[in-house]
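Visitor: The hints should help you fit chains B, C and D onto chain A, whose structure is shown.
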Amino acid sequence: MISQTFLPGVSTFSGSVDHVINLIFVLAVGWFIVLQGLVIYFAVRYRRRPGVKASFITGESWGQLAWVLVPVALALVCDLGIDAAGGDTWETVKGELPPPAVTVHVMAQQFSWKFTYPGEDGKFGTGHDLVEDALHVPAGQVVHVVLESKDVIHDFFVPALRLKQDILPGRAITAWFNATEPGTYEIACSQLCGPAHFGMRGKVVVDAPNDFNTWLSAERAAQAKKAAADTSATRGNG
Amino acid sequence: MEADIAIHANAPAIETDSLVSLPASRVALWIFLAGEIMIFGGLVACFMLYRIAAGGWTDEASHVDWQVGTINTVVLLTSSLTMILALAAVRRNDQQAVKRFLAVTVALGIAFLGVKAFEYHGHIVEGFTPSKGMFWSFYYTMTGLHALHVTGGIVVNSILLIMAIKGTLWARGETRLEIAGLYWHFVDVVWILLFPLLYLSLEAK
Amino acid sequence: MEAQLSHIEHVDHHHHPQSLISKYVFSTDHKMIAKQYLAVGLLMALVGGAMAYLIRVQLAWPGKPVTGWGFIAPGSYMAMVTMHGTIMVFFVAMPILLGAFGNYLIPLMIGAPDMAFPRLNMMSVWTLFVASLVLIASMLVPGSAPNAGWTGYPPLSAVPEYSGSTWGINLWLLALALEFSSFLMGGINFVTTAINMRAPGLTFWRLPLVVWMEITASALFLLSVGPLVAGSVMLLLDRVLGTTFYAPSQGGDPLLWQHLFWFFGHPEVYVIALPAIGMMMEILPVFARKPMFGYRAIIYSTIIAGFLSLIVWAHHMFVSGMDPRLATPFSILTILISIPFAVMIFAMIATLWRGSIIFSTPMLFTLAALSSFLIGGVTGIFLGSQAADIYLHDSYFVVAHFHYTLFPLLFMGGFAGIYYWFPKMFGKMYSEPLGKLHCVLTFVFFNLTFIPLFMAGFGGAPRRIYFPYGYDFLKPLQHYHVIATYGAIGLLLGQLPFVINLFASMISGRKAETNPWHANTLEWTAPSPPPHGNFEHVPHVVRGPYDYSVPGVAEDWVAQDKVVTVTVAAAG
Amino acid sequence: MNTEATQDTAKFYFQIWEWLIILLVVGTVIVFMPVSRGLALTIVFAVAAIKGVLVVRNYMHLKHEHLIFYLIAGLPPLLVIIMLLALLPDIAFRH
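Residue numbers (the numbering used here), protein chains in the order written: chain A, 597 to 834; chain B, 806 to 1010; chain C, 2 to 573; chain D, 206 to 300.
Treat each hint with caution, since some may be false.
Distance condition first, Cα-Cα at most 27 Å in a straight line; then the derived DSS-like pairs of lysine-lysine [as the list claims (entries may be wrong)]:
#	chain 1	residue 1	chain 2	residue 2
1	C	512	C	24
2	A	710	A	799
3	C	476	A	799
4	C	512	C	36
5	B	904	D	216
6	A	719	A	799
7	C	563	A	649
8	C	476	A	710
9	C	36	C	437
10	C	437	A	649
11	C	512	C	429
12	A	799	A	821
13	A	746	A	799
14	C	24	C	429
15	B	937	A	746
16	A	822	A	799
17	C	429	C	563
18	D	216	D	268
It should be emphasised that the hints constitute simulated quantities derived from the structure, not laboratory data.
Bound-form chain A, shown alone (with noise of 0.2 Å):
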């Protein structure tokens, strides 16, 4: 509802974050319409009138008291509701990841994103990785993103995924989604990394999985094609 207004979720959890918003915002906006309600009515109700003496009413018995503490255990349960909703979608975001169909690794810098996937081996750091300026992801699968900065922190945030994590130099942190929709969506570092901090924007490029096999086979072969041409120039040179 609110959330999705402003930006649809287009990743299998979207839903479920979203609907943790909700949950809350109708409850919040219900009690602050009660007590704001309160509020007014009382201050008109009971504005100063001539002859009329204000109740002597301490709130010190218990009888009294209940006036506020039945509102209060009304209130935590709607606390622990929303805290059991919250803790299964923290689950399913955060907790276990689901095995990946692929894996990238990401490495953030001031004030750049670099997307590194493995060669045809499948392998990271066998000498055939190739590095990205845009994060290509199939639709419908599962991706783990490994995060990795070079110097600062900072914080791979995709809107449109429901996705934030914070991005820790000397830490590999790994985080998951499965995005649903084929699409482009952007990337923005949201967490405080330099005074280009604005200008740090990424892109998510979801294809259909038959576009993103090929897409990738293109890019390694490039790739390859690139490699053999500068080692015959090393060697030309040589």
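Guide: For chains B, C and D alone, coordinates are given in the frame of chain A:
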């Protein structure tokens, strides 16, 4: 309703609680120490967390000399004894003894700093500066902060000693010695905890 | 009595003629020191407010030169955001709510002639003054002003190459260290004074709520700031001595700072909130002519909230990369802390019920603060919930939320306090029409400023973005920033009636009576303004602070030190 | 206070000091004894804690104080321990 009125409109004059009769300076000093415990506690907690994370720092830590540390601990423990004896002396109004014990306390405090400076010098000559590694960063930060507190204590005790010699101490001598003593013992307790943390828990067996 | 008098060395200064300097500058009188705190706080609020103006105009019309400043560079924008936060929290909120009102109210309300340690008190305010100067200097040194955010997360704050700020951040840390020591000294003084200096008969269960709240706030500050002091020393050493406490490549851990910062940062919110809530709770019963509802329940809630605030800090760090298993326990604790606050809010509302409400300026400000704080409270639930926080963390929702908690308490609550105690502080009455105008302008423009930011937050807009047009998803949210900026400008201009009122009334206001509001607490039994030493006779307290409209008593108020007889017939 | 009583007090303080030195020796020597590292560490820190308590109770007179002093002095260590425990998974066992 009637009970309410009885309590609120006709409340009997009652005495304030016993807390008002506590000496303000002692209360204030303990509150100050509570803040200090949080500062040193925070630092010690960080040290322990990092030490566990790094797996012990046994190599770096083997370069601190536990014998020198032990001597310094004895020095500081003894200075605590002389400080409390100075308080006992002021209570029996033995002014000569107060001056004697205060002088010894100050001397022991300076001796502690001297030994500490000797240690620092040795480490730095060997190349173990604060930026040499995490253990040394913590070593210098913790002992340095402690040494600053020792210095503060020496200053306070010296002022008391000068006042005692000039004869201006005695009007509120007991309170002053008590407060200075509380602080000095606290600095001692901090060292009692720092000593095993930095000097003793190092030998990997 | 003897125990009390023995602490009051200065009482014999009472009749000595004072030079201008010892009266206004190096004063040990808690009332003058309170005014000094107030002056520092209000002056720094001007600096912080000016930055708010620059930030808001830049956000509404990015890249256009700002009237009165010119073009804002990205680095300066970050510095302004950083300094706005630092100034408002540490150099406005704490000096006004804790420094000024704590100093002014605690001795007067407990029937004491001064603080337990007047000279320590003077040192506190002077340390704060020096801290303010160092902070101003940190903005003017070569290199950049501090620009790592008011939270100063390393490695950005630890390594000069990353932020471009060299001496700026060093001085910023020094200013904070001085500010902390100022309020440590102040806190020791407050708590000791409240423990030791209470007038005969004034037990803890007869203490006005604001005194309870001030000492709880001071205790919280004392208990929470230590680890951050240690952490700041480590950060400073990282910067100047080459240690590597926060450098991940050499075994350091940037996450440690976040834990230390928020271990202090969360209680700090209550350090600011509690005194303001306490002042509102003094004002409500006076103008509702009715006892504060649930006095004891509020005190227990305060203590529970204080303790809980010390163990909920990690809710600021749900997505920081900390262990995700910690999130749910901290989320539950966080949401539990809303319970004691709910007790306080409901008790305030219940106090209005069947009252006889007088809408004076302090009361209007209190009601405005209560209404706005309600929004601040309920929006806190979003951020306390670990799941909603995945989306809303570090967004404009957070900005709107904490402005909705801090602004109503700090400014509306603070103004309520200033107007309410104005007659006592300055011996003059303020102008009611101007005060009411001030209240209406503040309330309307405050809401106009920050409601749109909630919307931007729901749209996912991250905070601290200098130039939003770089992002497609931010473009549709831009008009919220425009509305908010108009609101902010109105809010700033809306403070003019206060400035006029403050100075005009101080100079030519009607002379105030001893007790213009017919209030019960002890400060209203002292002359307006109270002389050095406060009370002519030490008051003997016989009752709690909120006996308003007691049946069987002719007047609708009974001062705390007044013995009355009740006509039994009225008891039904 | 008569002289005899003050003599006793001084003697008592001296005894405490003797205990502190004995404990110091115990805590230091244990490191070089053929016991497991875990046991040695436990003893070292237990001894340090006992020494701390001895000083606080006897030299700082906490044992004669009003209960509120226990509260003032006891709350901070409790908070430090809570903080330490909460930070273990994040800082100490981060790898």
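Visitor: Are the hints correct? Go through all of them and say.
Guide: Here is how each hint holds up against the structure:
Taken as a hint, the residue 512 of chain C and residue 24 of chain C pair is honoured in the structure, with Cα atoms around 22 Å apart against an allowance of 27 Å. Between residue 710 of chain A and residue 799 of chain A the alpha-carbon distance is near 10 Å, which keeps this suggested pair within the 27 Å criterion. Between residue 476 of chain C and residue 799 of chain A, the direct Cα distance comes to roughly 16 Å. Compliance with the 27 Å bound is thereby established for this hinted pair. Between residue 512 of chain C and residue 36 of chain C the CA atoms are separated by roughly 19 Å; this keeps the pair inside 27 Å, and the hint holds.
For the hint linking residue 904 of chain B to residue 216 of chain D, the alpha-carbon distance of about 19 Å falls within 27 Å, and the restraint holds. For the hint linking residue 719 of chain A to residue 799 of chain A, the alpha-carbon distance of about 24 Å falls within 27 Å, and the restraint holds. Restraint check for residue 563 of chain C and residue 649 of chain A: satisfied, since their Cα atoms lie roughly 21 Å apart, inside the 27 Å limit. The hinted pair formed by residue 476 of chain C and residue 710 of chain A meets the criterion: a straight-line CA distance of about 25 Å does not exceed 27 Å.
A C-alpha spacing of about 23 Å is found between residue 36 of chain C and residue 437 of chain C, which places the hinted pair at or below 27 Å, so the restraint holds. With a CA separation close to 25 Å, the supplied pair residue 437 of chain C and residue 649 of chain A stays within the 27 Å bound. For the given pair, residue 512 of chain C sits about 4 Å from residue 429 of chain C by alpha-carbon distance, which is consistent with the 27 Å threshold. For the hint linking residue 799 of chain A to residue 821 of chain A, the alpha-carbon distance of about 26 Å falls within 27 Å, and the restraint holds.
Distance restraint check for residue 746 of chain A and residue 799 of chain A: the Cα-Cα separation of roughly 19 Å lies within the 27 Å cut-off, and the hinted pair is therefore satisfied. Note on residue 24 of chain C and residue 429 of chain C: the hinted pairing holds, with a Cα-Cα distance of about 20 Å set against a maximum of 27 Å. In summary, the hint linking residue 937 of chain B to residue 746 of chain A is supported, as the alpha carbons are separated by about 22 Å, within the 27 Å threshold. Only pairs whose Cα atoms come within 27 Å are accepted, and residue 822 of chain A paired with residue 799 of chain A is accepted, the gap being roughly 24 Å.
A C-alpha spacing of about 25 Å is found between residue 429 of chain C and residue 563 of chain C, which places the hinted pair at or below 27 Å, so the restraint holds. Straight-line distance between C-alpha atoms of residue 216 of chain D and residue 268 of chain D comes to about 18 Å, which keeps the hinted pair within the 27 Å bound.
Consistency with the previously given hints is maintained throughout, with no hint failing.
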